[in-house]
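Q: Given these sequences and hints, build the entire structure.
These are the residues of each chain, in order.
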Amino acid sequence: MVRLLSGVDFDRYCQRLYIVGDTDVISLDQIGMLESRRDDEKEEYFVGRVPRSRGVGQPWLTTPISVLQCFGQVARLMYQHLPDAVLCNGPGNCVVVCVVATIVRVLGVKRIPIIYVESFARVNTLSLSGKIVYMLADRFIVQWPDILQQYPQAEYVPNLV
Amino acid sequence: MSVYVTVGSTGFDELVTAVCTRQFLQSLAARGFRQLCVQCGSSEDLFTPPSTESGAFGIAIESFDYTSSPQRFIEQADLVICHAGTGSILEALHSRKPTIVVVNHRLMDNHQSEIAQELSRRGYLVSTAVSGLADAVASGAYSKLIPYPNADPQPIGEILDEETLF
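These protein sequence lines are chains D and E, in that order. With the UniProt record's numbering as the guide, the letters of the first sequence map in order to residues 1 to 161. With the UniProt record's numbering as the guide, the letters of the second sequence map in order to residues 1 to 166.
There's no promise every hint is true.
As the list claims (entries may be wrong) - As a list, the in silico EDC-like pairs of lysine to aspartate or glutamate whose alpha-carbon atoms are at most 20 Å apart:
#	chain 1	residue 1	chain 2	residue 2
1	D	Lys-110	E	Glu-162
2	E	Lys-97	E	Glu-75
3	D	Lys-110	E	Glu-118
4	D	Lys-110	D	Asp-84
5	D	Lys-131	E	Glu-114
6	E	Lys-97	E	Glu-118
7	D	Lys-42	D	Asp-11
8	D	Lys-42	D	Asp-9
9	D	Lys-110	E	Asp-161
Said to hold, decoys possible - Computed from the model, here is a short list of chain D residues facing chain E with C-beta under 8 Å:
#	residue
10	Arg-3
11	Leu-4
12	Ser-6
13	Asp-11
14	Gln-80
15	Asp-84
16	Leu-107
17	Pro-113
18	Val-117
19	Ser-119
20	Ala-121
21	Arg-122
22	Leu-128
23	Tyr-134
24	Arg-139
25	Asn-159
What the hints assert, rightly or not - Listing some non-contacts, in silico: residues in chain E with all C-beta distances to chain D over 12 Å:
#	residue
26	Gln-23
27	Ala-60
28	Glu-62
29	Arg-106
30	Ala-116
If you are wondering where the hints come from, they were derived from the structure by calculation, not from laboratory data. Cβ coordinates follow ideal geometry from the N, Cα and C atoms, glycine included.
A: Set out below in structure tokens:
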């Protein structure tokens with residue numbers, strides 16, 4: 001995600017909300033490094049740590065509970081910040097973010113465009129997150145061309161990372 | 001010349017075991033390598049290289065479990081051997097170092113092998129199973145790879161701008 005953000009004009013998007021899984025320390029470090037390079041009073045950033053919607057190897061039976069916990073916190077963050085767009089890349093939590101953004105739009109509160117970038121690791125097939133978000137995203141980006149055969153509304157953009 | 005082996009943020013028992021074998025060390029020595037540095041992760045207990053210099057074919061060997069600056073070790077290496085995690089692969093490719101990716105066939109739902117095979121098909125890296133690692137080194141195929149293109153994330157900014165102009 002941090003690699004992708006280097007293509008985004010931070011002067012234009014001067015308020016940034018990062019939603020990070022609560023076990024993901026690496027992303028926290030990367031965000032800290034990225035933001036420490038910005039030194040502008042007009043800019044702000046927030047980090048919201050949310051429980052993972054589904055941990056690695058977590059039984060499917062308990063998944064609905066963790067999804068609901070994640071959903072509650074994501075909904076609160078999104079309602080507080082009402083972003084102008086959502087940019088997401090793969091992990092399960094982004095499904096929850098995209099669902100919340102869609103609900104905000106359906107309720108007529110605000111149109112929050114969803115831009116989804118499928119993982120670089122996906123050469124032939126979409127991830128489970130990707131398959132779900134494909135139905136919700138305004139722009140669906142894949143990094144390998146073969147996926148387009150099955151998902152024609154995706155856009156192929158090479159060499160992003 | 002030096003080799004850096006990395007298993008990433010978890011462990012990779014078979015790879016750590018394989019880089020201690022006579023067959024692997026002999027292939028390295030035959031290709032002119034004199035230094036081997038191994039990031040073992042949680043597999044560090046399995047790292048048992050030959051204790052004598054002659055047993056290691058004159059290769060100086062060091063190891064550690066994790067590092068917060070993998071980039072530093074990659075920069076110092078002439079060849080990178082890494083597991084098939086996306087992060088490690090991209091780090092190696094962007095450093096423009098010859099890269100051999102070792103796919104862990106024990107991982108279920110193996111998308112790692114997809115990405116390694118695709119990049120290998122395009123000539124950016126050499127992809128192998130653990131069993132083929134020594135041969136992959138011996139063949140020298142890693143020295144004939146194509147440099148990976150620089151990343152260009154600019155289109156993401158453009159797409160974001162297009163969507164927020166409504």
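Q: Would you list, in rising numerical order, the hints stated earlier that this structure does not obey?
A: 3, 13, 14, 16, 22, 23, 30
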